[in-house]
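Assemble the dimeric complex from its two separately framed chains, guided by the hints.
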Amino acid sequence: MKARVLVRLKQSILDAQGASVKRALEGLGFPEVQDVRVGKVLDLELAGVSADQAGKRIEEMCGRLLANPVIEDFTVEVLG
Amino acid sequence: MNFGVVVFPGTWSDCDFHYVVGEVLHQQVRYVWHRDTELGEFDCLILPGGFSYGDYLRAGAVAGRSPVVEALPEFVARGGMVLGSCNGFQILCEAKLLPGALMRNECLQYRCQSTHLLVENAETPFTRAMRTGQVLKMPISHGEGKYYADQDTMRRLREKSQVVFRYCTEDGRVTREANPNGSMDNIAGIVNEEGTVLGMMPHPERAAESAMGGTDGVQIFHSLLGSLVEDGTFLKR
Numbered sequence: 000m001k002a003r004v005l006v007r008l009k010q011s012i013l014d015a016q017g018a019s020v021k022r023a024l025e026g027l028g029f030p031e032v033q034d035v036r037v038g039k040v041l042d043l044e045l046a047g048v049s050a051d052q053a054g055k056r057i058e059e060m061c062g063r064l065l066a067n068p069v070i071e072d073f074t075v076e077v078l079g
Numbered sequence: 000m001n002f003g004v005v006v007f008p009g010t011w012s013d014c015d016f017h018y019v020v021g022e023v024l025h026q027q028v029r030y031v032w033h034r035d036t037e038l039g040e041f042d043c044l045i046l047p048g049g050f051s052y053g054d055y056l057r058a059g060a061v062a063g064r065s066p067v068v069e070a071l072p073e074f075v076a077r078g079g080m081v082l083g084s085c086n087g088f089q090i091l092c093e094a095k096l097l098p099g100a101l102m103r104n105e106c107l108q109y110r111c112q113s114t115h116l117l118v119e120n121a122e123t124p125f126t127r128a129m130r131t132g133q134v135l136k137m138p139i140s141h142g143e144g145k146y147y148a149d150q151d152t153m154r155r156l157r158e159k160s161q162v163v164f165r166y167c168t169e170d171g172r173v174t175r176e177a178n179p180n181g182s183m184d185n186i187a188g189i190v191n192e193e194g195t196v197l198g199m200m201p202h203p204e205r206a207a208e209s210a211m212g213g214t215d216g217v218q219i220f221h222s223l224l225g226s227l228v229e230d231g232t233f234l235k236r
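Sequences listed follow chains C and A, in order.
Numbering that gives the first Met the number 0 puts the first sequence at residues 0 to 79.
Numbering that gives the first Met the number 0 puts the second sequence at residues 0 to 236.
It is possible that some hints are incorrect.
[To be verified] Listed next, the in silico SDA-like pairs over lysine to any residue satisfying Cα-Cα at most 25 Å (straight line):
hint: 1; chain 1: C; residue 1: Lys-21; chain 2: A; residue 2: Met-183
hint: 2; chain 1: C; residue 1: Lys-9; chain 2: C; residue 2: Val-37
hint: 3; chain 1: A; residue 1: Lys-95; chain 2: C; residue 2: Leu-64
[What the hints assert, rightly or not] Residues of chain A clear of chain C, computed beta-carbon distances all greater than 10 Å:
hint: 4; residue: His-17
hint: 5; residue: Gly-21
hint: 6; residue: Arg-34
hint: 7; residue: Gly-39
hint: 8; residue: Ala-76
hint: 9; residue: Leu-96
hint: 10; residue: Ser-113
hint: 11; residue: Ala-121
hint: 12; residue: Arg-130
hint: 13; residue: Pro-138
hint: 14; residue: Arg-154
hint: 15; residue: Arg-157
hint: 16; residue: Val-173
hint: 17; residue: Asp-184
hint: 18; residue: Val-217
hint: 19; residue: Lys-235
Read the hints as simulated data drawn from the structure, not as lab findings.
Given the structure is predicted, the values throughout are model-derived calculations rather than measurements.
Here a beta-carbon is modelled for each residue, glycine too, at the ideal position from N, C-alpha and C.
Just chain A, with the same shape it has in the complex (with noise of 0.2 Å):
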C-alpha cells in the first residue's frame, strides 16, 4: 500500500508516522509537502499532528484551506483514504471533510496523557482489524481536542454509526472521568458518512511498538491493509 504524510509548516508527528508505516509496517510512504497537489500515486494520505502554520487564528484553520487539503475532496472521491490525527483531526473539521469543530479542552489545560478508547464501529476501512466494544490504549497529546457538534450533527453521526473511538475507563466504561478534554458524548474520533475518511485526536503512531508502551496504535493501519483488496480498491462499510 502506498502512503503520504502531509506536511505542513509546524507539524510534528509526520517523521513518526513515516516511521510507523515505513519501518514498523513496510509500507511505501512519502512525504507530501503542503504545496502539492498531485496526489494520485496513493492509497492513504496522513495528515500528522503539531501545529500547522502555528494553529494561528484557530487550530487548523489555515491548513484546512492549504493547496493539499484544497485536493483532498476528489483524492476522497477516487477512492482514497484520508487519516488525520490531532492536528489532522483539527484540520479535516477546518476543511469541512468531517462535521463538528475542535474546541479548546474543558479544562484549559492541554493534556499528555495515556487514554483508553472503546471501538465504537469496527466496520470501517480503518477498524476492521478490531471488534465493536474492544478497548485500545493510545496517548493523546493537545489542548483543542474538545468535540463540538449542534444536535442535528451529533444526531445523523449517531444514526450512520459515524463515531469510532470514544474515550472510557480501561474496563471499556465511557464515563465523565475517562473524557479528558470534555468532547460531547467522550468522541475521540469519527469517519465521514462513507468511512474513507478518519479523524481522531489520539496518537496511533506513538502507539506502534512495545517500546512505545503499547501497540494498539498499528490496528488502525491493520485495518487498512486489509480493506485493500485486489483491484486496488478498498472495502467500504
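This is chain C alone, in the form it adopts within the complex (with noise of 0.2 Å):
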C-alpha cells in the first residue's frame, strides 16, 4: 500500500525559503506568484495493514517524527 505525506509550515510562519524562491521567480520573469511556500513530500509504502489502519498510524508518524508540531502542519493521503 502507498501513502503521500506532506509536511507544510504552518500558515501563520514566515517562510524564508518560499520567499527567496518566489524573489528568484520573480527575476526570471514570472512575476504573477503572489506566495511561495516550500514543504515535503514523502511517500510511504506500507505492508500488512489495512487502509484504516495505515491512515491512523500514518497520524501517529507524524506526530512522533514526521512533523514538528511547533512549525509544521501535515496531510494523510492513503493511495491504496
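Have a look at this one:
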C-alpha cells in the first residue's frame, strides 16, 4: 500500500525559503507569483495494514517524528 | 564533577567538549554512545553540535527520538543537568525537553562567526558565575538556529525568566543587526522551567582557551561547578 504525507510550515510562520524562491521567480520573469511556500513530500510504502489502519498509523508517525507540531502541519493521503 | 559527552553518528563537537571538560577544567568525562541509556554515573550530560543522523528530515529530529535522549527526562528528574549546544539545542527542542523550535536562518545562509551574548538570567546553574547584563563572546556555526515559539510560549519564557542568552552588540545592545539568524527576541539560549536543561546555539567549547580567541565559554562550566553542592545535588534557580 502506498501513502503520501505532505508536511508544510504552518501558515502563520514566515517561510524564508519560499520567499527566496518567489524572488527568484520574479527575476526569471514570473511576476504573477504572489506567494511560494516550500514543503516536503514523504512517499511511504506499507505492508500488512488496511487502508484505515494505515491512515491511523501514519498520523501517529507524523505526531512522533515526521512533522514538528510547533512549526508544521501535515496531511495524509492513503493511495491504496 | 562527572560529565558525559553524547555522541550521535554525525556529531562533530564531541572531541572539543571532551577536551575542554577533561583538559581545561580537569573534570571526569567520558563519551556516551547514542544507544546508551545507563546514565546514572553522570552529573551533567552534554549534547554537542554537529549533524546528528545527517540531520535528515529536520535538524535534530531523529536524534530527538534516540535511546539516549529518551532516557533524558528520567536523568533530569533525578537531578541531572543537560547542556545542549548547537545541534544539541535543536535535539532538546525536538525532544520537547525545551519549548519551541529552531528553523532555517532567516538569511538562508550558514553562519559561522563570532557573536556577543547578553546574559539575561544569571540565576541558573549554568550562569551563576556570570552577572545579569554581562556581555559574553562566543562563536556560532549553524544554518538552522532561528528560534521560534508561539506567542503563549514566548510569554511563558519571559515570565519565568527562561531566556538566558540573547544576541547583542559588543556593548550589550539587543538590536536587529546583532541577530545573526532571525531568532525571535534575539534568543540565543533558553533553560527549562527548573533551570536544569540549557539549550544554546553558540559554542562554549570553542571559547575555552585564550588560543581560541576567548574564554567566555568556560564560565558556563564554572557556573555548573559552583552550583554543585556537597551532597552531590545542584543549587537550582
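Each hint, compared with the structure:
Pair hint Lys-21 of chain C plus Met-183 of chain A holds up; C-alpha atoms about 23 Å apart against a cutoff of 25 Å. Only pairs whose Cα atoms come within 25 Å are accepted, and Lys-9 of chain C paired with Val-37 of chain C is accepted, the gap being roughly 11 Å. For the suggested pair Lys-95 of chain A and Leu-64 of chain C, the alpha carbons sit about 12 Å apart, so the restraint of at most 25 Å is met. A cut-off of 10 Å between C-beta atoms confirms that His-17 of chain A is not in contact with chain C; the least separation is 29 Å.
The claim that Gly-21 of chain A lies off the interface holds: its Cβ sits roughly 34 Å from the closest Cβ of chain C, which is beyond the 10 Å cut-off. Listed as a non-interface residue, Arg-34 of chain A keeps its Cβ farther than 10 Å from every Cβ of chain C; the least gap is roughly 18 Å. Distance to chain C confirms Gly-39 of chain A as a non-interface residue, since its nearest Cβ pair spans about 27 Å, more than 10 Å. For Ala-76 of chain A, the non-interface assignment is confirmed: its Cβ lies about 21 Å from the closest Cβ of chain C, beyond the 10 Å cut-off.
The beta carbon of Leu-96 of chain A sits about 13 Å from the closest Cβ of chain C, which is more than 10 Å, so the claim that it is off the interface holds. With a closest Cβ-Cβ approach of about 23 Å to chain C, Ser-113 of chain A is found to remain outside the 10 Å limit, as its non-interface label requires. Under the 10 Å C-beta cut-off, the non-interface status given to Ala-121 of chain A relative to chain C holds; the minimum distance is some 28 Å. Consistency note on Arg-130 of chain A: stated as away from chain C, and its beta-carbon is indeed over 10 Å from all of that chain's, at 32 Å minimum.
At roughly 23 Å from the closest C-beta of chain C, the C-beta of Pro-138 of chain A stays outside 10 Å, upholding its exclusion from the interface. Non-interface status of Arg-154 of chain A relative to chain C is upheld: no Cβ of that chain comes within 10 Å, the nearest being about 15 Å off. Its beta-carbon lying about 18 Å from the closest one in chain C, Arg-157 of chain A satisfies the requirement of being farther than 10 Å from that chain. At the 10 Å boundary, the C-beta of Val-173 of chain A stays outside the reach of chain C, the nearest C-beta of that chain being 20 Å off.
Every CB of chain C is more than 10 Å from the CB of Asp-184 of chain A (nearest about 15 Å), matching its label as outside the interface. No Cβ of chain C approaches the Cβ of Val-217 of chain A within 10 Å, the least distance being about 32 Å, so the stated non-interface status holds. Consistency note on Lys-235 of chain A: stated as away from chain C, and its beta-carbon is indeed over 10 Å from all of that chain's, at 26 Å minimum.
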